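S.K.: The listed protein sequences correspond, in order, to chains Y and G.
Heads up: the first sequence at position 10 corresponds to 10 in this note's numbering, and the numbers run straight through without jumps.
Heads up: the second sequence at position 14 corresponds to 14 in this note's numbering, and the numbers run straight through without jumps.
Take these hints with a grain of salt, some might be off.
To be verified - Okay, the calculated beta carbon distance ranges per label pair: (1) Y:T72 to G:R22: 22 to 30 angstroms; (2) G:D97 to Y:L56: 43 to 51 angstroms; (3) G:T76 to Y:N61: 43 to 51 angstroms; (4) Y:G53 to G:T20: 29 to 37 angstroms; (5) G:R85 to Y:L7: 40 to 48 angstroms; (6) G:R85 to Y:S84: 28 to 36 angstroms; (7) G:D97 to Y:E66: 20 to 28 angstroms.
To be verified - Looking from chain G toward chain Y, a few residues come up when the C-beta cut is under 8 angstroms (computed): (8) G42; (9) L43; (10) L45; (11) F65; (12) A88; (13) F91; (14) P100; (15) G106; (16) P107.
Derived by calculation from the structure, the hints in this document are not laboratory data.
All figures in this text were calculated on a predicted structure; none of them were measured in a lab.
From the three backbone atoms N, C-alpha and C, an ideal C-beta is built for every residue, glycine too.
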Amino acid sequence: AQSVTQLGSHVSVSEGALVLLRCNYSSSVPPYLFWYVQYPNQGLQLLLKYTTGATLVKGINGFEAEFKKSETSFHLTKPSAHMSDAAEYFCAVTLTGANNLFFGTGTRLTVIP
Amino acid sequence: DAGVIQSPRHEVTEMGQEVTLRCKPISGHNSLFWYRQTMMRGLELLIYFNNNVPIDDSGMPEDRFSAKMPNASFSTLKIQPSEPRDSAVYFCASRRDRGPDTQYFGPGTRLTVL
């Protein structure tokens, strides 16, 4: 069975500082991995996804994530945090031919001015 | 494209009443998902449809919950009778195809059962 674990339910960073949100997955076969962002009172929006090919994936709003098979990780990073990045971030996994996504419990990012 | 459309955006009802949530998926998408989000349990998949057919409803909490998809452009999630513990945000999402295709989420319906 596949699953994801997000380390840290809350992360605070200063404006301009590096953002690092952690996600580890569990899967017996190569997974597809996603990061979604949820702003207050809104639905989830795709930030980026890894399917195959290049392991460093770039997404919207300056975010990127690197698929590391040896570490079973897909951490989300952004070099410089902006106030508008404050939101909840969800990591998710699915498999080839699968229908549904398995979401992590989410990480709430706070950006301190 | 208008994206996934959900209605109503907010619903306040009293315990015991029937509640119907509505979803219009993105045109051309053949999979539709209903999720529930609460502080305690996070994001839970309730049910998903593929080509209007329910594929997995194992996440539906109990018989009070039912979902239908009469055609490719409309789905409902019904709770009858509603209970205070059903209070949550309910999201609908749609996807064009299986596997790595992106699920697109609607804005959600915030349900409060008094």
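S.K.: Against each hint, give a clear statement of whether it holds in the structure.
M.R.: Quick rundown of the hints versus the structure:
{"no.": "1", "hint": "Y:T72 to G:R22: 22 to 30 angstroms", "verdict": "39 angstroms, violated"}
{"no.": "2", "hint": "G:D97 to Y:L56: 43 to 51 angstroms", "verdict": "25 angstroms, violated"}
{"no.": "3", "hint": "G:T76 to Y:N61: 43 to 51 angstroms", "verdict": "34 angstroms, violated"}
{"no.": "4", "hint": "Y:G53 to G:T20: 29 to 37 angstroms", "verdict": "43 angstroms, violated"}
{"no.": "5", "hint": "G:R85 to Y:L7: 40 to 48 angstroms", "verdict": "29 angstroms, violated"}
{"no.": "6", "hint": "G:R85 to Y:S84: 28 to 36 angstroms", "verdict": "34 angstroms, holds"}
{"no.": "7", "hint": "G:D97 to Y:E66: 20 to 28 angstroms", "verdict": "26 angstroms, holds"}
{"no.": "8", "hint": "G42", "verdict": "5 angstroms, holds"}
{"no.": "9", "hint": "L43", "verdict": "5 angstroms, holds"}
{"no.": "10", "hint": "L45", "verdict": "6 angstroms, holds"}
{"no.": "11", "hint": "F65", "verdict": "17 angstroms, violated"}
{"no.": "12", "hint": "A88", "verdict": "14 angstroms, violated"}
{"no.": "13", "hint": "F91", "verdict": "6 angstroms, holds"}
{"no.": "14", "hint": "P100", "verdict": "4 angstroms, holds"}
{"no.": "15", "hint": "G106", "verdict": "5 angstroms, holds"}
{"no.": "16", "hint": "P107", "verdict": "5 angstroms, holds"}
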